[in-house]
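For reference, the chains in residue letters:
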Amino acid sequence: MTLVSKRVKKTVVILLFVAAGIFVLTGSGSITAQEQAEQPKLSPQTQTCIACHKLYTPGIVEDWLTSRHSKTTPAQAMKKPELERRISAQSVSEELADFAVGCYECHSRNPEKHKDNFVHMGFKINVIVSPNDCSTCHTEEVKQYSDSKKAHAWDNIIVNPVYHTLVTSITGVKKVEGTKITSSDPTEQTLNESCIACHGTEVRVKGTKSIKTAMGEMQVPDLSGWPNQGVGRKNPDGSVGSCTACHPRHSFSIEIARKPYTCGQCHLEPDVPAYNVYKESKHGNIFTSKWHTWNFNNVPWVIGQDFTAPTCATCHNSLIVSPTGKVIAQRSHNFGARLWVRLFGLIYSHPQPKSGNTTIIKNKDGLPLPTAFTGEPASEFLIDKDEQAKRKAIMVGVCNSCHNTDWINNHFAKMDNTIKETNEMTAAATNLMTYAWSKGIEDKTNPFDETIEKMWIKQWLFYSNSIRYASAMTGAPDYAAFKNGWWSLSENLQNMKDHIELKAKMKGIILK
Amino acid sequence: MTLVSKRVKKTVVILLFVAAGIFVLTGSGSITAQEQAEQPKLSPQTQTCIACHKLYTPGIVEDWLTSRHSKTTPAQAMKKPELERRISAQSVSEELADFAVGCYECHSRNPEKHKDNFVHMGFKINVIVSPNDCSTCHTEEVKQYSDSKKAHAWDNIIVNPVYHTLVTSITGVKKVEGTKITSSDPTEQTLNESCIACHGTEVRVKGTKSIKTAMGEMQVPDLSGWPNQGVGRKNPDGSVGSCTACHPRHSFSIEIARKPYTCGQCHLEPDVPAYNVYKESKHGNIFTSKWHTWNFNNVPWVIGQDFTAPTCATCHNSLIVSPTGKVIAQRSHNFGARLWVRLFGLIYSHPQPKSGNTTIIKNKDGLPLPTAFTGEPASEFLIDKDEQAKRKAIMVGVCNSCHNTDWINNHFAKMDNTIKETNEMTAAATNLMTYAWSKGIEDKTNPFDETIEKMWIKQWLFYSNSIRYASAMTGAPDYAAFKNGWWSLSENLQNMKDHIELKAKMKGIILK
Amino acid sequence: MTLVSKRVKKTVVILLFVAAGIFVLTGSGSITAQEQAEQPKLSPQTQTCIACHKLYTPGIVEDWLTSRHSKTTPAQAMKKPELERRISAQSVSEELADFAVGCYECHSRNPEKHKDNFVHMGFKINVIVSPNDCSTCHTEEVKQYSDSKKAHAWDNIIVNPVYHTLVTSITGVKKVEGTKITSSDPTEQTLNESCIACHGTEVRVKGTKSIKTAMGEMQVPDLSGWPNQGVGRKNPDGSVGSCTACHPRHSFSIEIARKPYTCGQCHLEPDVPAYNVYKESKHGNIFTSKWHTWNFNNVPWVIGQDFTAPTCATCHNSLIVSPTGKVIAQRSHNFGARLWVRLFGLIYSHPQPKSGNTTIIKNKDGLPLPTAFTGEPASEFLIDKDEQAKRKAIMVGVCNSCHNTDWINNHFAKMDNTIKETNEMTAAATNLMTYAWSKGIEDKTNPFDETIEKMWIKQWLFYSNSIRYASAMTGAPDYAAFKNGWWSLSENLQNMKDHIELKAKMKGIILK
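Chains as they are written, first to last, in the working numbering: chain U, 6 to 517; chain Y, 6 to 517; chain V, 6 to 517.
In short, the hints are calculated from the structure, not lab data. The model shown is predicted, which means the values in this text are computed figures rather than measured ones. Hints are supplied without guarantee of correctness; some may be wrong.
[To be verified] Derived SDA-like pairs (lysine to any residue); straight-line CA-CA distance at most 25 Å:
no.	chain 1	residue 1	chain 2	residue 2
1	V	Lys120	U	Asp411
2	U	Lys287	U	Thr187
3	V	Lys512	U	Thr456
Only chain U is shown next, with the shape it has when bound in the complex (with noise of 0.2 Å):
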């Protein structure tokens, strides 16, 4: 226990004396009296923390208890069998090994790197739990994740000028005077609302502040850029990351992340839409009506005995093995791990970048950007055919355990055709817009805030992108005909030559 002052020690000694009596009634509700026997202990520090939280945020207290951690402990996970294993360090210190994984033990790690720690009720507190921290248990799933694009969100699209250009265009206030439209910077708040919302925000101390809660007056750090919870947020300990984006709040449930509502909560329509093209699928529909008969919680997940029908997880990054225990895949917390290609068109599908920092890119335009206006790759950037066939040998074996292999390769065929054909359509509208410039109809300066070249945005954007998604997982005829699909590729192909003409005619331009 890390005590600070003498005030503090008091403090504590007359709330472990609340927690004495407190605790027997932890969870009673859910928990049966076997397992109560079985549980685990708590340290000392934590059982404080629970003596308060149980009265002041009940719930999440009550979350946790229906969480793994509260069940086992480090010590406990780490005698699993190998395939069976939830946790990757080899071994832990003693102070956790033998303790449930309570509130101090995750909000207490390394202090001395956590700008956001401070002095809570006698205890060095992080307000921030960060991936580094998770990483004294979960070390092979954190440095897997480091690699990702997704621990990288942040920089992908604040640090690149051509996105930070989109961004701003997008989220920007404007003023109007007679038809002038003028645009200011976006605040950060909206920022993490929309775009960094998912990507992450940069959380920074910016000091201390005293707040009033049920407890009374407090002194807490002051954050900017908090709350959020996006994949590639930027922590006060200098790590990035947020691994409660798919194991929400504090029953860290794998269950969760292998449902798909946790990668819906980023991954949807207009520009993204895997998560509305799996509902529609045939995938989708078997989990839709049969889920409740499946077990989202083993570890390893057995494919046809634990499921019928794969989850975003299942293809992604689960460990999968099959009803004989022989490894199908496995588990990547990089989620391009099994991804050979980049079907989300920047602005034309490619091959997967080689590193998680899209911001080092330059394609031969000089632009941060995986290829060129004119469609080239910038492939030093990008993985190349052995990388890609090695990835995309996980991805089918994972398809082999239900079907057979004509349909996978007949399946990926149309896929090529798919990101082809769209990647044409992209072209298609490229060439409108370069037309537009070139003429003066629009101002290519910024490339991003005019009708015409909103129009050429979604083009790649959503409607590309729509396709190339139910595509990939031959699903949702919508989003590949009527709903930013097809329908509207060609659609907004017309609608773009019209404008171009009719602003011509209003300013005067004449077109051959």
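Start from chain U and add chains Y and V according to the hints.
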């Protein structure tokens, strides 16, 4: 039993005889022997109803058998401890107290008030069971409801001349000659499927009519505006509302009302995407992943034990207690009781109105709108800072069950910023609109029927609103970003600008 | 067992040997000891299939183990009382009667008809199990289905020259030069992901090819249009349809088919938002809130006891009985059997066509469309008033299980009014379109490829249709109002008007 003629008396006797034989079968499929033993008695009248309706509308009888109404009596319900009571009347009449709450108990209330009362198989039956009838037992709930905006939803949209013009412009059938478009007034039937499907119809008794049924020819009241279950329905007994809007059909289920799908019948994109946003929020993710482990029937509803993330009802109206039995929020059927700001812009976001009846509001332009065209709130008709603080404190109390004070403060500061900025984006579009009107590009006589006017409506009704709901629930970044969010706010402004300039050119109007 | 060579015979012996050891493990995860004792015998051929596929495609074997096919034999299935039967054949051949319905039983049917038959590990196997194969046991269902529009869904969209032009205009890749847009014909692969993903592909056997599998090199049929599970798939045995469209994969589940998610694979916004509307309707609300207490497997399906609100299957095709065993509606796999009016406008709503094959229709303009451009139905090809009344009576019978006669009458009167008014709104847009064509503003040669033409398509294909589905289910007021509903119908008409006037001005065309 209310008998009206000798002929009818005879029918009833026969039916009771039938009932004697049939009733033992009731619900055999779903009730255990012990439960059957504990079943409360049914009134003789209700037994008669069931004897026939079990044959003629069996689904609804079975639905009722799943209800608490079929399994308890008002007398038993009133004996429960205060917090566990689901009935707020202090006493009920003797004729009701010791019978299950069956068909006759509800469909025979206050016949003198019911213009829809008719003689049906010898009984004086009301077609519609109204909130006033439900208040026999659920007195407090109906009283609370009567002060809500929901109770006045019909008046608020149909009587208010501004909204009435909007409704009419949208739902009237149009005719075309050349390029001239003319509109007729909407039919009541079309209104009943669009705006007042949710807001509620005015149910009028036009007389009596004869219909052919499986039981032969029957005389029944001839109702207009029926069927409908809108929240502000004007009932033929003079009352307003429809309890079945949220407690559907004959199960009168608290479980259904507490699930978000119920609110999701009406609170939908693009104008009020509360349900859409919830589903994609962190709260929604936890609900969709874990609801099968929760208890939706407990009264009071225990935070953390009955559920680990809120549904709509948790934050907005349910009686919530902590695991130690402390009341966190009192139940209210005035759904604005915990709301201080009205996110729904008319045309700007504003403090909640004092009265559920918003037709009485006058803004500084003399219009029945809560804000002026230039943004000033009609403060006289809106709640003041004290009342706002009082209501916000209740909501914050619910948040505080799981979230700490600083988290909550930052959350609502972010929401306040969003309200300010979306109001500014509404103002920007309003400036463009005013300019277009002033230049004669469109005609303000009806401000809702031309192309640019419809763009302007989308700015405040669809896009500003969507972002505010996403902000309030820290969720659904698509609704804040690309789907009806900031993307749409900015794109729409550019579209308005271009359309104004194109139409000016077409009409030969010179813009400065 | 069909052996084709000595080499193959040897393989089979080895595989049977493998099977002997492996089969006892089958499904150990999900079947109790007693169930295992009651398990029907597997044919020797199916045992052989499973021996390998348990290793190579384990998911699909496990999926089949969850099916009724794996747990019963045709002989047992035929012994059930009439209403409980899930098999409509009066007899099956001896070789099938007493074995579970396994891999070989289905994939070896009618090899002489199957151009996709090939020798696989010594067995003559069909890649595709077609409706004609399923009819071995499910005779009536396949017969009913063959009369439906679904069975003809490929012809209806691909052979019909009008719809073919629409399909081609949408899905063909476009090229751009200046502002000139040219379109090529769509590829089969893109069609297979958009229109005919649902309608079904034509599966052609192009020859034989060699593929690399986990078992080594294999010779397999080279199929085009595969994989696909569209409802009107043209199979290589000459049959049409795909039972797995609704009874997915190897569980052949009645539960899945009865849940709305199955219909929701195709019946989606913006053109056919039946599923979207259902979810937001009162019926949908009750389903999503209470399905976990229902029984989706019972045959017959008991209204009120197995479920308390309908899913798509309840109203459209399931065998429904009352709790007392009275048949409310007979099962039909002709999904139009309870439909009298076709809500889906082509371009106007109209009586259901007499034949599922709609390519034979000729309207008064000489086009293969059920209505003329001016609205007159092609009555000769549509069902008459008597047939309409007959079908409506079946549907009303289902409604009547829960709703009274007057409620139902009012409901359908409202729907009739909606059909009339949405037809009028389609006519208004058609008048604008005709005017634009007559003035040379757009070119009618292809009526589906220019901007104003696309606006006109949205009027009847998206907006009028959405409102009709919302009307039919008294639900989803957003689809009737602001989301693709009356808002869109009225806004789109204004947009068409403005665009016609702007293009006229641009082209120097004088409008009266």
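- Query: Does U:Asp411 lie within 25 Å of V:Lys120 when you go C-alpha to C-alpha?
  - Reply: 17 Å, holds
- Query: Does the alpha-carbon distance linking V:Lys512 and U:Thr456 stay inside the 25 Å limit?
  - Reply: Holds, at roughly 22 Å.
- Task: Given the hint that U:Lys287 pairs with U:Thr187, test it: the Cα-Cα distance must not exceed 25 Å.
- Result: 47 Å, violated
Hint 2 from the list above is the single one not met by this structure.
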